[in-house]
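Colleague: Below, each chain spelled out in residue letters.
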Amino acid sequence: MVNMNEIINELLVKSKKFGFDEAEVMIKDDKNFETTVYKGEIDNYSISENFGLSFRGIKNNIMGYSYTEKLDENSVEMLLENAMNNLKNIDSKDQEFLFGNEENLEYVKINQYNEKLNEVSNERKIEILKKMEKTAFEYDKRVKSINYCLFENGETSHRIKNTLGLDLYEKSNLSFCFLNVGVEENGEMQSAHSIFVGNDINFLNEKELAYEAADKAIKLIGAETIESDNYPVIIENKTFASLLQAFSPIFSAEQVQKGTSLLKDKINCKIAASNISIIDNPHMKGKIASASFDAEGVPTKYKEVIKNGVLTTYLHNMKTAYIGNVKPTGNATRGSYKSSIGISPSNFYVENGNVTKDDMISEIEKGLLIVSLEGLHAGLNSVSGDFSLSAKGFLIENGKIIRPVNQITVSGNFLELLKNVKTVGNDLDFTMPSGSSLVGSPSLRVDKLTVSGN
Amino acid sequence: MIKRNIINNVLDAAMSRGGDFAEIFIEDRFNTAISLSSGDIEKSLSGRDFGVGIRIFKGLKSIYVYTNNVEEENLIKLAKEAALGLKKEDVNKKIELMKIEVKNNHIIRKYPASVLSSEKIELMKRAYNKANQYDELIKQVKVNYMDYDKKIMIVNSEGLNKTDRRTRSRIFVTSIAEKDGEMQTGSDSIGAHKGFELYDGEVVDDVAIEASRVAKAMILADKCPSGKMDVVIDNGFGGVIFHEACGHGLEATSVAKGNSVFAGKLGEKVASEIVTAIDDGTLKNEWGSSNIDDEGNPTTKNILIENGILKNYMVDKFNGRRMEMRATGSSRRQSYKYAPTSRMTNTYIANGKSTKEEIIKNTENGLFARKMGGGSVNPMTGEFNFSVMEGYIIKNGKIERPVRGASLIGKGSEVLNRIDMVGNNFKFGQGMCGSISGSIPVNVGQPTIRVKDITVGGVKEAK
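Chains as they are written, first to last, in our numbering: chain A, 1 to 454; chain B, 1 to 463.
Calculated directly from the structure, the hints in this document are not laboratory data.
These numbers come from a predicted model, not from an experiment.
There could be a bad hint or two in this list.
[What the hints assert, rightly or not] Simulated DEER-style distance windows between Cβ atoms:
#	chain 1	residue 1	chain 2	residue 2	range
1	A	Lys116	B	Val70	23 to 33 Å
2	B	Gly397	A	Thr356	49 to 59 Å
3	B	Asn417	A	Asn454	12 to 22 Å
Note that the Cβ used here is the ideal one computed from N, Cα and C, for glycine as well.
Excised from the complex, chain A in its bound form:
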């Protein structure tokens, strides 16, 4: 067996001889279990363990990266050599940094590991799925197919050690449950899903997940398009969260400094309605993007990115903070051990207002409630802020939901949308996690969005 400590130390010691001024090793270990049930039987079952080692070293303020998933007698040399070759390729003059073990460093303690999750037997997980699937089928005779009934749990740990004295370790575990239900009436298909994310499965209620997905899909039966026009629109909590997530790169200082963010030169400017505050909170209990340090080892911190409509900060890593002459905000991330340092939000959400969704609906004479947006990876331009997205929802007339709507697109500009938010709901909820971010929002009412249908 390979002794990991020896490899790390060998890499760090040899890095100096190899010509690096300073160097860092990051090790990631993941374990995962996943199973799906189809018509009462297990149909997929998967176990995995994954290891990755990333090396990076600085010479003359430039950083070189390398990684491997295989450790053998050549690995140390290969990693050092690849990193040095990569470093020589770089001609960007931006100064790069490793984070040192500074005095009086304070890391907020975050416990993201629940021992009890490991005690849940695979039999129990399969039972949950069988019950969830059965409940969904029994909910309504129009439930015709379930193409995902999935349970997944995993744990991940990572360690960062560098020549500046930093040596950090963090581990977390998580479970994930996903149900996708298809319903049919008179040849018309509709589908909807429900999810559970968390590391305490006592909060997982398989029956409610089944009801939720089936109910959402059934409510869409009979959906038709509507007349093209401008409508007042309520965007439901998780749906707005998914839009905010898709536009989250505009908050990255890297995009700003490259001139490809709409928020360039907007610090201390009013960019949203006064009732909008957006928080980046890496210390939320039980939320998956919580962590005590970021990918560079910098302590994470709570911040109001937009306060009452005013942009107060971008999200930074060490490099962008140095260029912007501010302190790093603890938002450095790495997609994986294969990638270099980037920037992304942690638990990132629009703060709750105090109006219920029902009250918002009752105030609309003629408008739309949008419950899903598709094509977020393609139908929006995060450089211009323009979006044109396929949507589903419900027509509202005289304060009441009249019928489901599909085959429409809603379009607009993200910054315009933020400025035009009239009412903020009190039902903050989070969308599916993406990378190391978790994005949330309450339902929001906007006075005018362009809807294209008939």
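Chain A is already provided as a structure; the job is to place chain B on it using the hints.
Modeller: For chain B alone, coordinates are given in the frame of chain A:
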């Protein structure tokens, strides 16, 4: 890659609980990714992926495990753990592996490892300069270069024992045009199952110029209006419409459990009779090609729709069991971290009879989608959406003016029936397709086609 006797022992362990099929997939891959922004190389990454995936079937149950700890003890431990999913008594079954040589149809002339990174960088800077000098409206250019060289080995309990090597190269250029504080992007790429010989000649210049041409056209464009229109979709990457709207619904992944609008419709008319659609993983050195698929079957030319009639699906071994259909050499995965499943390779609408000029001339009012962006589909309902990167309004059979920000939505089955003109200028475009077995290289393709009555979502405010 791993010693033969170890492989045999692992297969035995995987079959030890009464599985009826077991497979080991081993992958060793070297990656390079370099990115350039504003003329400077900003990122240069390289590394090695290595791991093993073990798959076991019993009837309609599939078990998958993967690891990159490939010591014999650990592999056997994992194989046994996987087999535990079956809960059966121990059985002993000896497997004889036959080494089958895979004929290589995709000759590589310049393996990435034999090319200095300085040459790769020189290529990127050449693309940058071309794109940047295209017009003064171009304010930023990004160039992404990637190559990989991977060796895989597949053995299974039926005695199959094959190795294959896949080398892929791609360069991607994004140009940003700026005017009056507004920004618009244009992009273009080229990729193939090739080494550095992909860039012989001046092909990279064409990619760079195309990216800037689109960005410039779109910064000068009006906002696209909304409504139902006849849409002319140009050749090449326009094929993404078939990929999203229909291709995913023809994958056994959706069809096997009846979660596709195309399930149960073999032999039926599903498209207008001028539509013939093909998935062909055998094409020499194409981006989505390989000698064998990721469960060891030779890739095939698979006619999906012929003159409007549904002829076949894309089928993998496991879903083939449920569907009682033969595998079509379509089983693919991003890496050992994914169990393979039926996916597209090089998927296209075949040439028809019209010329592009005729198609535009015959369109009174409509949208010309010269360049498509990405999209997605819900295979259960067939609803798709995708974005138009470069669009033009057609008036009285003539291209009138450029428009930006359009997206197209609809239902796959309906769109197929509304294709009323098919051009004769077939071309491929390259993309990455993400689905349950990861992100894989695929070609999309078509000649210029016309689709009647698509809902166009524009960004122009309604009056």
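Colleague: Quick check: which numbered hints come out false for this structure?
Modeller: The structure breaks none of the hints.
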